[in-house]
Each structure stands twice: as C-alpha cells, then as structure tokens.
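Protein sequences appear in the order of chains P and L.
Under UniProt numbering, the letters of the first sequence match residues 1 to 653, in that order.
Under UniProt numbering, the letters of the second sequence match residues 1 to 767, in that order.
Treat each hint with caution, since some may be false.
Stated by the list, open to error - Derived coverage of chain L by chain P (criterion: at least 3 residues anywhere in the stretch with Cβ under 8 Å from a Cβ of chain P; other residues may be distant):
#	segment
1	348-354
2	627-638
3	646-657
4	669-682
Think of the hints as simulated: they come from the structure by calculation, not from any bench.
The beta-carbon is built from N, C-alpha and C at its ideal position, and this holds for glycine as well.
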Amino acid sequence: MEKQAGAADGAGPNRNPWGSPTNGSGAGDAGDSPTGSHVEWCKQLIAATISSQISGSVQPDFVNRDNKNLSALRYGAQVKMFQNQVPLLPGETINTTVKDVMYICPFSGLLNGTLTITDYKLYFTSVEKESHFVLDVNLGVISRLETISVPNQGENTKGLELVCKDMRSPRFAYKTDESQPDIVEVLNKHAFPLSHSLPLFAFLYKEQFPVDGWKVFDAAAEYRRQGLPNESWTISKINSTYELCDTYPSILVIPTNITDDDIKRVALFRAKHRIPVLSWIHPESQATIVRCSQPLVGPSDRRCKEDEHFLQIIMDANAQSHKLTIFDARQSSVAITNKAKDGGYESESFYSNVELNFLEIPNIHVMRESLRKMKDVVYPTIDEAHWHSAIDQTHWLEYIRLLLAGAAKIADKLESGKTSVVVHCSDGWDRTAQLTSLAMLMLDSYYRTLRGFQVLVEKEWISFGHKFSARVGHGDENHANSERSPLFIQFIDCVWQMSRQFPAAFEFNELFLITVLDHLYSCLFGTFLYNSEQERMAKEVQAKTVSLWSYINSQPEDFTNPFYVDYENHVLYPLVSSRHLELWTSYYARWNPRMRPQVPVHQTLKEMLILRAELQRRVEELQREASSHSLSSSSEHSPSPTHTTGTPLHTAV
Amino acid sequence: MFSGKPIKPTFKCYLPPVQTDVKKNIEPPIKKLDPKLLPGEIVVNEVNFVRKCISAESNQDDPWGKLICTNFKVSFIPQEAPSKQKSQLSHLLLGEHDIPLTCLEQVVTVNDTKGKKKVLGSNQKLKFNPTELILYCKDLRIIRFCFDEAGPESARKVCLAIAHYSHPADLQLLFGFEYQGRRYHESKGERVNGSTPRGGMQTPIFDRPSDWDREIKRTSASEWRVCSINESYAISPSLPEYIVVPVSLADQDLKQYSLYFTDRRIPLWCWNHPNGSALVRMACVVDPLQQRKIDQRIFTAITKSHPQRSEVIRSDLDKYLPNIQDIQSAFVKVRQICVLDPFEESEERWLSSIDNSRWLEYVRAFLKHSAEIVYYMEGKNVSVILQEEEDRDLNCVVSSLVQLMLDPHYRSLIGFQSLVQKEWVMAGHRFLDRCNHLKKNYKEESPLFMLFLDCVWQMMNQYPAAFEFTEAYLTVLSDSMWIPLFSTFLFSSPKQRTQHLMDFAKNKAIPQGEDQVVYFPPVWEWSQQFSIKDQTLFNNPMYVGKGAACVQNGEVKTFKRTKQKTYSSTLRGTAPLMRNGLKEGEDTLTRRGSLMSELKPEFSAVKDESPSERFFRDWFSRPADQQGLLIPLSMPSHLSLWKLFFLRWVPEACIPRGGPITAYHKLSQLVDEIEILQSKLRQYKGPSPGNTPLPSPSGPPSDQRRMYFKASSPDDPPTPPDFLTSSFPFTPMGNLCRRSVYGTPISKFLNGARIWLSTETLANDTV
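Build out the structure end to end from the sequences listed, making use of the hints.
Spelled out as structure tokens, the structure:
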C-alpha cells in the first residue's frame, strides 16, 4: 500500500532546487499557492521519506515524475545538465550506462530498465505499463557490494546487492556482456573513491548557491554570543596550529587563570591530549559545560596536580556552587577496565568537591550492532505480528533513552543545581559530543533554531573532532571496519524525539533532520568529511567543497517547522520514558512503501498560513479603499485593524 | 446524618438504615466544609480529617479535608481552597476531587498496620478499621485516601457506604433518575413551550421516522423505506421502533422472517453508498433449517434495492474478529500496563508489553476488517451485510467504522454523534451490561465502545484534518460513560430505555407526551457538562480552518483558483520532458522479454496480490482527500497507543510544556486569527458595496469564537502557556496514586482481587 510512488533519491538538491529564493511573491514556484505548497510539501517529504523502490509495474508514479522532471528542469535551464535523460549535478559525469538491467524491487517485483552510473550516483530508469520508474541512489550511501545468486539463469546472469548505510539494500540482476563494462567494477571504483585513489565527489561538485554555508559557524562569534570571554574564561589560541591537540579546533575556551605550561601538562594527562575546555556557559549562573577525554590514570592510579588544579579552577569560575560534577558517559565497569589500558576516571578522593557519575552508556560497537538489528526489523519486510517486540529487541530505543536521560541530567545539573559539569567518555569525541550537544539543545533555545542547530553541529561535532570519516567510512571500501558506528544518527534521532515531544519548540522540521542524515553519507557536501578540523584545513575543504548549510539555507522555508514558537527562556527537558520514545519510522523505515508516513500536519498549517496572509492582504486593501472613500466624510477613524493580531509568522509566505 | 438535610421523599434508600446512622463522635472541623450538591443529591456518609494522597513518595503536599459519600459521587472537600488550576477542563457537575459512584471500578480498603486489605462489594462487612481507601476508577484514575487522623469508625462507615452505593441494586437507583427529575421540574420555567424542539439539540436521535427519512434522503437510498412494524417494540425489544428496510419487502414478510432471527432482529439498514450499495447489519438465523431460505429472501430484497442489482456479500464478524471477552481481557492488560504497574518496572520492555496486551492488535483487526468492507462497497460496488450472532456488539463497531471511512458527514461533530446514536444506542448495544453499571455480571463487561473510540482516534491520528472534533472530545465522551446523568449509556436496548423513561416520567410527574430528550437528555447536550468556552476544546482547528478556506468566503475561493492556475502553468513546463520519458519507455517495452520474463516468477512480489490489496494500493498511491473516502493504514507500525486516554493521569508520563497540545495551541490561534480576518473582510464588503459607512472592524464576538486558544496580541509571549502539558485538558495531579502495599505491587494484589471478594483478608495475611 503505497502512496505517491517515489522516484527521487531522497537526497541531493536535484530533488528540490534551491531555485528562486525570492519566490515570496509567487514567481512561478509552486511553493506559495495553497495547492502548490501542499503538493510541494508532500513531494519533499515523500521524496525524502518514501522509497524510490516502489511503483514500478504497479502504479504510475505520477507525482514524482512531475517532481523529478520539474525540479531537474528548473535546476538547470541548460540542456547540458541532461544526458540520456539522466539529470546531472554541476560537475557530475556519467561513467557508464548499461541497458537491460533488472531491478529486483522487494515491494513490487521486477523492473527492466537502464542503469547509469555517474561519479555521484546510480540512476536506474524503467518504463513499464506507462509507468515511469526512477531509482536514484547516491554512491556515498553504499556500504558494500554483494554478489547474489540469481537462480537458473545461466552463467552470464549476475546478481548484485547494494548494501546501504541508510537501511536499504537494493538488488539488481544483469547479463554480463563482453561489450559492456562490468557494473561491479565501475561501482566499486566510484562508491569507494578513496580506496581507488579518486577524489570524493564533494571536490568535483560545482554548484553555486546564493548563500555560503561555510559562514554559518564562526567559533569566536559563537563564544561571543555566549558572553565570552569574561573574567574567568578566555578565548585561547593555544591550539591554533593544532600542536596541543590535533583533534581539537584551533579556538578553545579555557580558564583565565592557568598557564600554558600547566595546560601542556594537563594535555599529557588526558587521552589524545583532549583537555577540559568550555562548551557552553549558563547566561545567569555562569555554570559551564566542559568537555574532555578520560584522564590517563592507569592501573597505578596516577595523579596529575595540574589536572586536579584545572578542575578546581573550573569549579571556582562558577561562584554559585562549590561542587563540580563529572559525568562519565561510560559504563562504570568499562571505565574501571580502562584503567588497565592506561585510561580511567577521576578519583573523588583526589579531586576535591568533585562528584563523579557514570551514565552507563554502552560503546560504539554496541550501537552499531543495535542499528544493524534495526535494519533487519525494517527492511525489506516487516513482521507484522511482532513489530513492537522486534523493536524492543534491537535495544535502539533503550540507548536513545539512556542518551536523553544522560543529557537531561547534565542540563538539570546546570539549570537547577547551578553546578558546572565536566563530560567525558574515553576519547571525548563520541558519547561526549552526543551528551554535550543534547544538553545544550535542552538549555539554549538558540540551538533549536535552524541556524543555531547548524552552529551546534559545527561546533560540538565537527570542530571538536567527532571522527565522521571513520564513523561513517566515507569513500572507503572497508565496510567491516570496527571504527564505524552510527553515533551521529543516534544524536539526530534524539533530536527528533525531542521535536516529537515539543512540536512547537524547534524551528527546523523533520525533513531537515532527514536531509542532514542523507548528506552525512552522500559525500556531496564537504560538511561531514574528515575526522578533524586539522584534516579539513589540510584538504582545504572550505575552499574546494560546498557546505551542506549552503544548500539548506538557500531554501530555509522548506526546512522550517510552521509550528515554531521560540521557547526563548525555557529549558526543555524531554520526558525520558519509553512511553514517549518512538521508532522514527519515517527515517528508518522510509524505503518500505507500506510504511508511508501519515499526512503531515504541517501541510495544513502551511496552507492556513498562506490563507491568513492572503486575508490580511485583502483586509488591508479594503481598508485602504474604504479609508480613501471615507477620508473626506469622516475624520474619526478606527485604529488600524491589521495590528490587532500578531501570531508570529515564521514561514515565508 | 445526611448533613442535617431531610430525606427527600423521592430518594429511594437502598442502604440498610443501620449503616447510614452515623454517630457524630468526632469534632467538626474548624472550617465548615460544605459539599457542592446537585438537585436531589444527598450526603449519606462523611468523614473528616482525611488526607488525599497525591504523591507516592511524600505526603507533605497532600491536602486534608472531608471525604463524603453521596447518592451520586464520592467527594473530597479540601480544607484549603484549591488554587484555581487553569490546567483542567472544569466540569459543571463534578468538582476536581469528585468521582461519580458509577465510575468506580473497585473499592479497596487497607489496614496498613494489620497488613489487611479487602475489596469491598455491596452490603459487606469490614472487620478492620481501614487506614486507607483506594478507589480504582473506570476512567483509569486511581485515588487514595488516608485515614491516619480520621475517626476510625467514621472512616469505616464511609468506605462501606461508598462500596455499597457503587453497587446499586437496580437501574432506577442510578442518580440520573433522581437528578433529571428534579432538573426537569426546576428548569420548567426556563423552557418556553415548544419553542426549540428537543431543547435545541441538533443531533438526531433516530427514535422517530423523520430522522430515518432524512438519512435515507441524504444518502439517496431511494430503494429503502422506513418501516414501523416494531412500533411499541412489537417485534423485537432490542431494535428501534423505526427501522429501514428494502422497499421490496412488505411488513408482512418482515414479521414472518423476524421469527427466525436471534431476538427477532430483522436486518437493519445502516447506510447507502452514493453508488447505490447498501450497508446492512443482521443477527444470525436461529433455525439452521430455515437459514438458506431466509438468507435467500433477504439477499434478493437487498439486491433489488441496488440500482445495478449488484450482488450482496455477507461478512460474518464472529469468525474474523476477537470476541467481547478477548477485548475485555486486552483492555484489562493494557490498563494494567499503563496505570497499575510501577512506572519504572514497565519502562524496560514497554513496546513488548503493549504488544502482549493485544489491545492494539484488536484495534487493528477492527480497522482492517472495516477497510475490507469499504473495499467491497466502494471498489466492487456491492452491498454488504454485517452478520453477528446478536448484531449488538461487533456489528456496532464495524458498521460505524465503515461509515466513518466512507462518509465525511460522520466526521463532523453532529454527524459523529448521530452515528453513535444510530449504530450503537438505537441498534441496541447493551451499554448497561457492557459498562457493567450495576456491577453485577462481570462476564458481560466489555469495553467495545472504548475500542471504537480508539479506532476513531487512530484514524484521527493518521488524518489530522479529517475530523471536526478532537481527541479531547473523544476522551471526554469516554468519561461520560461513567456519569449516570445522561440517557445515552444507561440502557441495553431501545425498549428498556423507553420503558424506564416512561416509568420515570410517571414517577416524577412529568406530563405525558413530553419529549424524553427534554426530560432525560442524552450526553450530546454538552452544555450540561461544560461551558461554551470549554466546549471549544472539541473543535479541531485544522478541520475548522479548512472549512473556512473553502466554503465561507468568496474572496478566498478566487484566491485559490488563481493560485491553482499558477501551479498548472508550472506543470505545463514539464510536458516535453514527460514525453521524452515515455518515448524512452516505448523503447524499453520493445526490448522487454529477455531477462524480464525469465526472472519474473521468482522475484515478483505482487504476483499473488488480491483485488482488495490492489484496491488499497491504488488508493494509497493517490493523495488522500481528507474530506472524502478515508482508509486508515493498518500496519502495526501505523497504530500507536492513544496516550491522552491511557496516560493522562500518569504523572511520570506527563510532559510539561509539551505534547501535541502545543501544536494545537498554535493552530487554534492561527485559525482564530483567520476567522477574525474573515469577519473583518465581510464587514468591509458590507451589505452594500461601494458606499462605505466604515464599521469599526473587530473579530466575531467572543462567545461565537470557535477556538479555545485565541489569537495572541503582540504583547503576549508567543510561547504556549505554562499550564499546557501532554495531559491537557486533564491533570495527573492527585488522580493517579499507586503505591505498593507491603511490598506487594498493588497490581498483583488486584489481579487476584476478584477471587478474594468474599474473603476478609488475604490468605497470607491471616497467618
């Protein structure tokens, strides 16, 4: 049972041209007519959430055909953008086109068509029974290629399964032919460019956006927004050449009263030299969120005077409390075992007035396994009888709960306890990033705006060295690498859970979150490439690639939540209970056409916003008319009625 | 006794006098705590210095006050005037701490020091002085009172009185019969004779031929007629007096056929599809030898009533759907998980335990089966007969769901109420037995109506703009089942209703010929329970807003039209490309047949697709028109727990400043603003365009505004008000206080409670 058969790839700007950013006046874009916006919205959501795998032999995917071609046409008026009916991004080139390929759709059977492989995507088109079918998979999303057996088809028929990172595994069958290049070979090369000494597609992509997303995040500006520097905290350039810590950003906020020598000693005592630095400061209490890695205590319970002093200074910087709370994200048993590996945790007896809490969150390998199980639950078929129990057995929601609970504890410590907190796990770039960014999202309404959220991700994740390259495995064929783990997905899932509980508190919408996750893999933008700021500087990412935020911010209205009201001074604690945590089916299960999300409420609201704007315009018009009529007859005039109402209008209409 | 009030002559006392004889052996409280009583309501027993437990952990904030049992409710009057909480729907007839006796599921007394507990029934003895009273309510509240400072004897008596009065011996003893009699006479002066028929109520009751006639006309069921052979319930006590039958069947035939049906229930017309197919419900034929003959005649008649003479199919619901006991036990389990089990304990495997209760599975089964029926009527253009042994339980659920899916009229508030009236009340659903108002026969108890409301909620959840009413309305409606003041949920059959109401009228000296809707109103007269303002919480802004956009204003229509044009011109631009796409398609088609045909059998997922699956897929592949046919998605993943209903009292599950209500808040404001603008627009346009004596434009008067939340002024903070929680318009505060008694989770205790009804204490307590 699917709705509006999908065709677009669910990612990539070709689905939705940033087009005319000035279309507020209705410059032909469907976006501002009631029907238009409705359809446009549907299209976007469906394109993003519903499979490209449906339709086919069944029902003409009418809407998507429009959508696809419409957007592709709008995208480039230049015809050269199209080759053999394949829409191309600027900078994209076709590598091979293979005819008579069979797409084995798990939902609607077999489809015969043409497969095109570019350096960015795999594009399969088929026309059967008057229905136009398109499957568009960007190569970045492919985790591995598997050959599958195609029964009874003779030697020259091969089967291929693309196991993807985003919970789907499309399968194809094709006949090998001397005259045609081998699909697997071509795919292998371009899906895993780094393993074949080829550049990532982000470096070839030549799109021009009217907005430069690289300008979204400026660390110094963000700290200024937080009221920094102040007498206790300083914006330091000590890491400007990444010498102190090669995985930290160049700009750090550290206590004022500490010498560079002491800092260097602290760096030696912390794993990967990731010293305690400020992430966020409470505007009233001055309580801070500080992040770092584990102390290198080792089996002999080593101490470091400077480290102890450092934490003391952090505590003293907050006059409201004479305590400091350390949240160690790990399971306490693991933290103890880490001592044997020269790691460990702060001893409460050595650090005075420090309270240590373990948040008991399992490691990256557990999370990877949990998501793997989830894929079995949602793709390709769903066991109707045991759906809920099957979700329970993946433990995915349980880990989401642990994370949100940990973040809420941190936020509460700051807000209610007015106490500064130090957050770390082992290296301070996985669970730490999850916890600090979620806590900041709860505490600071700025991060709940479209812009602020981008800053949050840029800051807590990208600049502080979450190893995106290693965790996602961009362009790398080694799919079994144990470094891979869906930590960022987990974080976005937590954000989605919060947005479900507070439907009016976030400026961005679900499409935004899904888009971010799609481009986590796509390698179209430079945003999530590489492991650290240092690496990105070396690769000149900002000069040579486009930022995801350029794309997003060129059409913010599509990613805006029409319910949004600014909960400006509210700390939002999500209710950390299984009763309110849900499986994000419109992301995880979107490839299954039977999992079509419900009619989005947003669409109705958008229509109403448009209606209101139109009515407002009409009232004003009539008012002008009336007042010009009555100007001569009456000097007494009622106050302007249009100003009696003022529910803020957050969507561009 | 009776707080000094004389016993009213009409009050039938069914408590032995000895028990009502309370000795005032405790000092009156410093402050006089007067209960708020309804006309005809009498205090039977009361106890002072009672603590109402509002939190399981500490009793610091617990309010102290007086606990009262009346012939209508259990009432707690706090010593300190409660700070007026804005967060609650205020009921006009019940206070914040009031529980109607009919709403009590179980009355449990506990003696903490002796380790004794007992579930109290009617007319029972209690050999210990209770230190605690726990009231388990049918609306899922759990309310606890402590008697640590109260007079032990008074406490005991109040507990016994509550238990006794909540087990009325007879239907006529339900307080509604007292109250409505009084109300009728007291408000006589206000009613001008015959000025507004049925007190201005718009919901058709289906107790007269005209209501059915209108329904026949509305659905263009020209081959069906109203038949009055059941007048004065001459044929069947459980059928309404007027029913709709095929025109080809004569009264005489029907009378004859009726002999062969369970309870003499001849087939009952429910609804006609615009394509002519009819929905009919029917009981089983008792005599198997006659079955074929009767079936054939009925089928022929229904076929004749179809404009295309299309065939009739029968769906035997007993075969495909869970029975009433299954449904009851699923509800008991899901209730247990949601409100009884300790919160933390059920966190771990929450989804699995919801699965295990099977409640959602049953909800899904009903939705799915109803959708199948929709397929036959809409997709195959055939008439459908719903058959069930008695035609009074499962048929009610399925027939009303089918109509909700097919006919948008029933998704309006009045339409929905008329649907309940037609398919439940008049069709003879045994509300009295299924609700177990008299707490007599637990085997007959089953929450079928609740199941139906949950199904409606699931549809509402999937299609948020399709219904005129909100989930708050559904919840309030479910609560009203437990308030015995309205005629809707009190009876098990139309005949029973008529008889009781006639007796009632006679007893209360209500003039003959007076309309029973006037002297014993149905629940649909919402102004009895809620203020006009509170009733606006029933209005769905998305539905109202859409209505505003399409029908009301000429200007808006123009606006829509022009915009549509813009859109289609955009589409036109893509035409050449679409052609190209098709051309390529033709090429592909000619080449087809090589690998395709070879692989198809092994991989095709759709080869054994049934016509109904195909129908659904087609439907789902088109954008849904929420004002048209509506088919709910019914994969397990599409159904979710109705949180407002199941979790509204659970303090741990309440999201401060969150929940769907925050979106509702914003939407309501928006719609209110739109309505203000529209009203202004109308004023500007005025009756005579051109000359404009400029009116001072303002919004519609506040009593006519349809949204609960008004458009904000620029000075208002945009944030939703603090009192909004995911439980709004209800509050968990003091409404759910579970605590284990001596380490035994109260849930375990309750599981076995029925068995212990007659024993004084638990087996292990006596040791």
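When the structure is checked against the list of hints, which entries are broken? Sort them ascending. Going through the list in order, the structure violates no hint and respects every one.
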